[in-house]
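So the sequences go chain by chain: A and B.
Going by this note's numbering, the first sequence runs without a break in its numbering and finishes at 253.
Going by this note's numbering, the second sequence runs without a break in its numbering and finishes at 274.
Source of the hints: derived by calculation from the structure; they are not laboratory data.
Treat the hints with caution; some may be incorrect.
Only pairs whose alpha carbons sit at most 27 angstroms apart, straight line, appear in this in silico DSSO-like list of lysine-lysine [claimed, not checked]: (1) LYS164/A - LYS26/B; (2) LYS230/B - LYS233/A; (3) LYS143/A - LYS230/B; (4) LYS241/B - LYS143/A; (5) LYS234/A - LYS119/B; (6) LYS26/B - LYS143/A; (7) LYS6/A - LYS26/B; (8) LYS220/B - LYS237/B; (9) LYS224/B - LYS244/A; (10) LYS140/B - LYS234/A; (11) LYS234/A - LYS96/B; (12) LYS164/A - LYS140/B; (13) LYS22/B - LYS6/A; (14) LYS140/B - LYS191/A; (15) LYS8/A - LYS26/B.
Sample of chain A residues with no beta-carbon within 12 angstroms of chain B, all distances over it, derived [as the list claims (entries may be wrong)]: (16) LYS4; (17) GLU28; (18) HIS37; (19) GLU82; (20) GLU210.
A few chain B residues that face chain A, going by a derived Cβ cut-off under 8 angstroms, partial list only [what the hints assert, rightly or not]: (21) LYS78; (22) TYR122; (23) ALA124; (24) LYS220; (25) LYS230.
Quick reminder that beta carbons are idealized off the backbone N, C-alpha and C, glycines included.
Listed here are the chains, written in short residue letters.
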Amino acid sequence: MGYKGKFKVWRGDASGGDLNDFEVEVNEGEVVLDVIHRLQATQAPDMACRWNCKAGKCGSCSAEINGKPRLMCMTRMSTFEEGETVTVTPLRTFPVIKDLVTDVGFNYTKAREVKSFTPPADLKPGEYRMQQIDVERSQEFRKCIECYLCQNTCHAVRDHEENKENFAGPRYLMRVAELDMHPLDTADRKKAAQEEHGLGYCNITKCCTEVCPEHIRITDNALIPLKERVVDKKYDPLVWLGSKIRRRSSTDA
Amino acid sequence: MATDTIAPGPEAPAPLSPARAKIEQKTLRTDRWWLSPLLTLLVLVAFIFYATFRAFEDAYYYADGLISPFYSPCLSTKCVPDSSLGGFTPFGDWAKVSPALLILIFPLGFRMTCYYYRKAYYRAFWQSPPACAVAEPHGKYTGETRFPLILNNAHRYFFYVGLIFNVILTWDGILAFRNAQGEWGHMSLGTLVLLANATLLWLYSLSCHSCRHAIGGRLKHFSKHPLRYKSWTLVSKLNHKHMLFAWISLFGVALADAYVALVSHGTFSNPTFF
Numbered sequence: 001m002g003y004k005g006k007f008k009v010w011r012g013d014a015s016g017g018d019l020n021d022f023e024v025e026v027n028e029g030e031v032v033l034d035v036i037h038r039l040q041a042t043q044a045p046d047m048a049c050r051w052n053c054k055a056g057k058c059g060s061c062s063a064e065i066n067g068k069p070r071l072m073c074m075t076r077m078s079t080f081e082e083g084e085t086v087t088v089t090p091l092r093t094f095p096v097i098k099d100l101v102t103d104v105g106f107n108y109t110k111a112r113e114v115k116s117f118t119p120p121a122d123l124k125p126g127e128y129r130m131q132q133i134d135v136e137r138s139q140e141f142r143k144c145i146e147c148y149l150c151q152n153t154c155h156a157v158r159d160h161e162e163n164k165e166n167f168a169g170p171r172y173l174m175r176v177a178e179l180d181m182h183p184l185d186t187a188d189r190k191k192a193a194q195e196e197h198g199l200g201y202c203n204i205t206k207c208c209t210e211v212c213p214e215h216i217r218i219t220d221n222a223l224i225p226l227k228e229r230v231v232d233k234k235y236d237p238l239v240w241l242g243s244k245i246r247r248r249s250s251t252d253a
Numbered sequence: 001m002a003t004d005t006i007a008p009g010p011e012a013p014a015p016l017s018p019a020r021a022k023i024e025q026k027t028l029r030t031d032r033w034w035l036s037p038l039l040t041l042l043v044l045v046a047f048i049f050y051a052t053f054r055a056f057e058d059a060y061y062y063a064d065g066l067i068s069p070f071y072s073p074c075l076s077t078k079c080v081p082d083s084s085l086g087g088f089t090p091f092g093d094w095a096k097v098s099p100a101l102l103i104l105i106f107p108l109g110f111r112m113t114c115y116y117y118r119k120a121y122y123r124a125f126w127q128s129p130p131a132c133a134v135a136e137p138h139g140k141y142t143g144e145t146r147f148p149l150i151l152n153n154a155h156r157y158f159f160y161v162g163l164i165f166n167v168i169l170t171w172d173g174i175l176a177f178r179n180a181q182g183e184w185g186h187m188s189l190g191t192l193v194l195l196a197n198a199t200l201l202w203l204y205s206l207s208c209h210s211c212r213h214a215i216g217g218r219l220k221h222f223s224k225h226p227l228r229y230k231s232w233t234l235v236s237k238l239n240h241k242h243m244l245f246a247w248i249s250l251f252g253v254a255l256a257d258a259y260v261a262l263v264s265h266g267t268f269s270n271p272t273f274f
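Throw the hints in and build the complete structure from the sequences for me.
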């Protein structure tokens with residue numbers, strides 16, 4: 001059975017904006033994105049919202065719903081009470097373009113700063129051989145749909161604009177971890193993680209993990225292992241000594 | 001934007017990008033996001049008060065062959081008779097402070113640098129952030145890039161020392177199979193309490209992220225190290241429950257200490273099974 005749902009949707013652009021009240025029909029089985037589309041169709045044809053797959057796989061419809069960073073297409077209306085007002089706002093961390101659409105270019109910049117996969121120089125295409133157990137750890141990270149909810153939620157940049165320059169954010173630190181765990185990658189990711197991508201800014205409060213729609217355990221499986229690898233490289237004298245005595249680096253293991 | 005509503009001061013937030021959506025509220029969350037950090041704060045503060053009191057009390061930590069985990073190993077001649085670890089008292093009689101104060105820095109350091117407790121106290125005490133998508137009150141944030149928080153990278157060393165403590169506390173549990181006359185083959189409720197405490201501490205230590213890294217996480221080629229891969233898989237399963245083990249082992253230590261204190265005080269007589 002349908003009902004008239006109460007909504008507050010942020011409308012505006014970089015020069016200003018505010019929360020607008022709407023009453024919209026809500027039907028059984030719908031998600032927040034359906035309601036936003038109905039708003040566009042019936043009351044606010046110029047309302048901007050980014051979407052694509054409606055299946056939680058493209059990462060386009062990221063927004064903040066009742067203050068929580070979520071995908072609009074994966075937020076069921078049945079999770080709210082009928083009399084509850086649902087507030088929809090754009091991602092706070094990125095510059096707003098219009099209404100619910102933000103400029104996520106920050107993430108593309110950070111993606112480009114991560115050095116690409118670096119196999120051994122003498123290894124030719126077709127010679128890559130590895131076992132499943134060697135790559136399954138990093139396959140979890142490949143589930144990322146680049147919705148940037150983790151980047152948006154991380155307080156290191158959400159509350160501190162000045163850190164954007166020095167901090168890659170959880171999504172790209174996870175990329176660094178993925179490459180560092182790759183059996184054939186030879187680049188020194190550990191030093192770069194700490195000194196170039198700002199791993200030290202992460203205080204492991206796990207908000208990235210909490211908001212990930214793919215349920216990737218970003219903190220436990222990527223960021224903390226990467227921190228431990230950085231400790232091996234930069235802060236652990238015993239590991240350093242061991243690598244000297246055995247004449248091999250930890251990346252050889 | 002959120003932090004615009006915070007009053008300016010010495011720690012006034014740096015300006016956010018003017019291009020962000022201008023939303024006045026610190027958060028628009030409607031759930032009880034404050035409950036979890038509040039409970040964490042209350043429980044940790046209660047534990048800190050209790051542990052501090054007991055560590056300075058310097059009494060009621062040994063009775064009927066049971067020693068409190070706050071005082072084990074007891075390493076000075078100040079320890080009550082029979083409570084020291086096989087008579088091993090490297091601090092002699094020059095350490096005038098409570099024997100607990102000589103050792104508690106290690107378990108304290110292990111928990112302070114623990115990846116789970118870091119999340120807990122950053123959220124509950126420092127509000128950095130208090131909860132996800134809730135603006136923090138600080139004007140500047142450098143995370144763990146500099147002193148003193150960069151010292152959290154020493155977690156693995158506290159983990160290694162913590163393992164020694166676990167062995168000692170397990171041995172304390174085994175010693176509790178003796179009766180008051182020192183004869184083996186007896187068991188009391190206190191034996192179970194000390195063994196349960198040691199078990200919880202082992203679970204907490206073995207589920208630690210540094211343990212997971214040392215046991216195999218640091219490797220690139222699991223296929224070259226099948227035993228370490230198997231161990232890493234097991235530790236990873238424990239690691240899923242690290243938060244749970246962190247909490248119940250904390251309660252376990254406090255309860256084991258309280259049990260010994262009650263028995264030592266004479267408030268409760270340690271029931272003997274055989």
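Original post:
Is it correct that the beta-carbon of HIS37/A has no partner in chain B closer than or equal to 12 angstroms?
Top reply: Fine: 21 angstroms to the nearest Cβ keeps HIS37/A off the interface.
Original post:
Is LYS8/A within 27 angstroms of LYS26/B, Cα to Cα?
Top reply: 16 angstroms, holds
Subject >> 27 angstroms limit on alpha-carbon distance, applied to hinted pair LYS143/A and LYS230/B >> reply: 24 angstroms, holds
Original post:
Straight-line Cα separation of LYS230/B and LYS233/A no greater than 27 angstroms?
Top reply: This hinted pair holds, its Cα atoms lying about 25 angstroms apart.
Original post:
Is the hint on LYS230/B kept, meaning its closest Cβ partner in chain A is under 8 angstroms away?
Top reply: Violated, because the Cβ-Cβ distance from LYS230/B to chain A comes to roughly 10 angstroms (cut-off 8 angstroms).
Original post:
Is the Cα-Cα distance between LYS140/B and LYS191/A 27 angstroms or less?
Top reply: Holds. LYS140/B to LYS191/A sits at ~24 angstroms (cutoff 27 angstroms).
**OP:** Assess, step by step, whether the Cα of LYS164/A is no farther than 27 angstroms from the Cα of LYS26/B, and give holds or violated.
**Re:** Between LYS164/A and LYS26/B the Cα gap is close to 20 angstroms, so the pair holds against 27 angstroms.
Original post:
Is it true that the CA of LYS22/B sits at most 27 angstroms from the CA of LYS6/A?
Top reply: 22 angstroms, holds
Subject >> 12 angstroms cut-off, C-beta based - GLU28/A kept clear of every residue in chain B >> reply: The claim holds: GLU28/A sits with its nearest Cβ about 23 angstroms from chain B, beyond 12 angstroms.
**OP:** Decide if the proposed pair is consistent with the structure: LYS234/A and LYS119/B, CA atoms, cutoff 27 angstroms inclusive.
**Re:** Answer holds: LYS234/A to LYS119/B is near 23 angstroms, not above 27 angstroms.
Original post:
At a threshold of 8 angstroms, is the proposed contact between LYS78/B and chain A supported by beta-carbon distances?
Top reply: 33 angstroms, violated
**OP:** With 12 angstroms as the threshold, tell me whether LYS4/A passes as away from chain B on beta-carbon distances.
**Re:** 19 angstroms, holds
Checked against the numbered hints above, the structure violates hints 6, 11, 20, 21, 23 and 25; every other hint is satisfied.
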